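Sequence positions in the sequence shown follow UniProt numbering and run 1 to 85.
Accuracy of the hints is not assured; some may be wrong.
Pairwise CB distance ranges (calculated) [said to hold, decoys possible]:
#, residue 1, residue 2, range
1, N76, E52, 18 to 24 Å
2, K23, N51, 17 to 23 Å
3, D11, K74, 18 to 24 Å
4, Y48, M3, 16 to 22 Å
5, Y57, N12, 22 to 28 Å
6, D30, I72, 16 to 22 Å
7, N76, R55, 20 to 26 Å
8, S16, D60, 15 to 21 Å
9, D53, D2, 29 to 35 Å
10, K23, K74, 16 to 22 Å
11, Q54, R75, 14 to 20 Å
12, S5, R66, 30 to 36 Å
Treat the hints as calculated values from the structure; they're not laboratory data.
Remember, predicted model here, so these are calculated numbers, not experimental data.
Even glycine gets a Cβ: it sits at the ideal position worked out from N, Cα and C.
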Amino acid sequence: MDMQSIKQSFDNTGYSFLYEKFKYQFYVSDLFAKVEQTAIIESFLEHYCFNEDQRLYYDDFSYYFRTFQYYIDKRNLQSLFNETE
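When you get a sec, could you build the whole thing from the sequences and use the hints?
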């Protein structure tokens, strides 16, 4: 996913400060490489609460996102499995 789409997702959910804080790490780590739809990033940001005043490390943020993405992937696989039965 390109950086402009990622930035737009953060802007849409009101977390522009997170994008600005971690944009270099997003680029270097390619955290969102497997994300095909911006809706997944936006859903993640809507389900988690990040406060600009609280300290947040990139490692923690990436852990939260990867956990969320794992859950979404498993749920999608389960729904595919249920459809084939």
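- Query: Is 30 to 36 Å right for how far apart the beta carbons of S5 and R66 are?
  - Reply: Roughly 19 Å apart at Cβ, these two residues miss the hinted range, so it is violated.
- Task: Look at the Cβ atoms of K23 and N51 and judge whether their distance stays inside 17 to 23 Å.
- Result: Given about 19 Å between the Cβ atoms, the range holds.
- So does Y48 sit 16 to 22 Å from M3, Cβ to Cβ? Once the Cβ atoms are compared, 21 Å apart, the range 16 to 22 Å for M3 and Y48 holds.
- Quick one: are N76 and R55 within 20 to 26 Å, going by C-beta? Since the Cβ atoms of N76 and R55 sit about 33 Å apart, the hinted range of 20 to 26 Å is violated.
- Mind checking the hinted window 16 to 22 Å against the Cβ distance between K23 and K74? violated, 29 Å
- Cβ-Cβ distance between Y57 and N12: within 22 to 28 Å? The hinted range 22 to 28 Å holds for Y57 and N12, with Cβ atoms some 24 Å apart.
- Query: Would you say the C-beta atoms of D30 and I72 sit inside 16 to 22 Å of each other?
  - Reply: holds, 18 Å
- Task: Confirm or reject the claim that D53 and D2 have a C-beta distance inside 29 to 35 Å.
- Result: Since the Cβ atoms of D53 and D2 sit about 30 Å apart, the hinted range of 29 to 35 Å holds.
- Item | Distance restraint evaluation - N76, E52, Cβ atoms, bounds 18 to 24 Å | violated, 32 Å
- Message: Tell me if the beta carbons of Q54 and R75 are separated by a distance inside 14 to 20 Å.
- Response: At 29 Å between Cβs, range violated.
- Outcome for the supplied range 15 to 21 Å, where the beta carbon pair is S16 and D60: holds, 19 Å
- Between D11 and K74, is the Cβ distance one that fits in 18 to 24 Å? violated, 29 Å
Of the numbered hints given earlier, the model fails hints 1, 3, 7, 10, 11 and 12; all others are met.
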